[in-house]
Amino acid sequence: YIDSDVIAMARADGDACVQVFFIRSGKLVGRDYFLLDGAEGSADSDVISGFLKQFYNRAPTIPEQVLLPQEIEEANIIRQWLKTRRGAKKVENRIPRRGKKKELIQLAAENAAETLASLQAQWQADKHRQTLALAELQEALHLPEPPNRIECYDISNTHGTAAVGSMVVFEQGVPRKKLYRLFNFRTVQGPDDYASMEEVLTRRFIRCKASQENADSPGKKPDQAFGFLPDMLLVD
Numbered sequence: 011y012i013d014s015d016v017i018a019m020a021r022a023d024g025d026a027c028v029q030v031f032f033i034r035s036g037k038l039v040g041r042d043y044f045l046l047d048g049a050e051g052s053a054d055s056d057v058i059s060g061f062l063k064q065f066y067n068r069a070p071t072i073p074e075q076v077l078l079p080q081e082i083e084e085a086n087i088i089r090q091w092l093k094t095r096r097g098a099k100k101v102e103n104r105i106p107r108r109g110k111k112k113e114l115i116q117l118a119a120e121n122a123a124e125t126l127a128s129l130q131a132q133w134q135a136d137k138h139r140q141t142l143a144l145a146e147l148q149e150a151l152h153l154p155e156p157p158n159r160i161e162c163y164d165i166s167n168t169h170g171t172a173a174v175g176s177m178v179v180f181e182q183g184v185p186r187k188k189l190y191r192l193f194n195f196r197t198v199q200g201p202d203d204y205a206s207m208e209e210v211l212t213r214r215f216i217r218c219k220a221s222q223e224n225a226d227s228p229g230k231k232p233d234q235a236f237g238f239l240p241d242m243l244l245v246d
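Going by the working numbering, 65 is the number at position 55 of the sequence shown; the sequence numbering is gapless.
What the hints contain is simulated information worked out from the structure, not anything from laboratory work. It cannot be assumed that every hint is accurate.
Dumping the calculated DSBU-like pairs for lysine-lysine here, alpha-carbon to alpha-carbon at most 30 angstroms [what the hints assert, rightly or not]:
1. K100 with K112
2. K231 with K187
3. K100 with K110
4. K188 with K137
5. K63 with K219
6. K37 with K137
7. K99 with K137
8. K111 with K100
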């Protein structure tokens, strides 16, 4: 028996899900799925090629054989790289056309499609609940619009020293951790929460103004953390 990884993909509404079956000694010993960011607009072969590079860069073991649903970009380069990752032992990439291996690819693709459909249904349900929660918050606080972007600010001190300001962001009711920011103070000396918060908010809105002024400059990308004003601002 040849140890193999079986890889297939499903796509829907801009989302992509890759399913991997792990075949060892002729038996299916495990499976896993992966959601891919930034796949929208890319060809299937490019998405699979990119996935292989990311997945096997971290995989603890490399099998003798990787079964794929179609030809991929840089197939020879990836094959040689996998061989290096496997300690100079040969790794074969195959696209099955018939038989049990083809059936495994089809089964993995079906699993990927079912997983993606289930996740999208869950996301839609979560989005509905978040929309309702934001509408309730809007009504309770008499806001003109739902608070789709909420920013929360806090000042932390360690025994009165090493103060740091923090910004936490929620969009559509969901934490956006990649937009979280920390502020080391430049003007405040000693534990002064009021002055510290003033510096944090001043710097935050100066960054917002600068981002908006530079929005039309060639090569400039919107500052996702500071380039947009919040609908609600919470201060601790």
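Verification of the supplied hints:
Of the pairs offered as hints, the one joining K100 and K112 holds, with about 22 angstroms between alpha carbons and a cut-off of 30 angstroms not exceeded. Simply put, K231 and K187 have alpha-carbon atoms about 19 angstroms apart, close enough for the 30 angstroms limit, and the pair holds. A C-alpha spacing of about 22 angstroms is found between K100 and K110, which places the hinted pair at or below 30 angstroms, so the restraint holds. Using a Cα cut-off of 30 angstroms, the hinted pair K188 and K137 holds, with the two alpha carbons roughly 19 angstroms apart.
Distance restraint check for K63 and K219: the Cα-Cα separation of roughly 39 angstroms exceeds the 30 angstroms cut-off, and the hinted pair is therefore not satisfied. A threshold of 30 angstroms between alpha carbons decides the hint, and for K37 with K137 the separation of about 39 angstroms lies outside it, so the pair is violated. The straight-line distance between the Cα atoms of K99 and K137 is roughly 47 angstroms, outside the 30 angstroms bound, and the hint therefore fails. Using a Cα cut-off of 30 angstroms, the hinted pair K111 and K100 holds, with the two alpha carbons roughly 19 angstroms apart.
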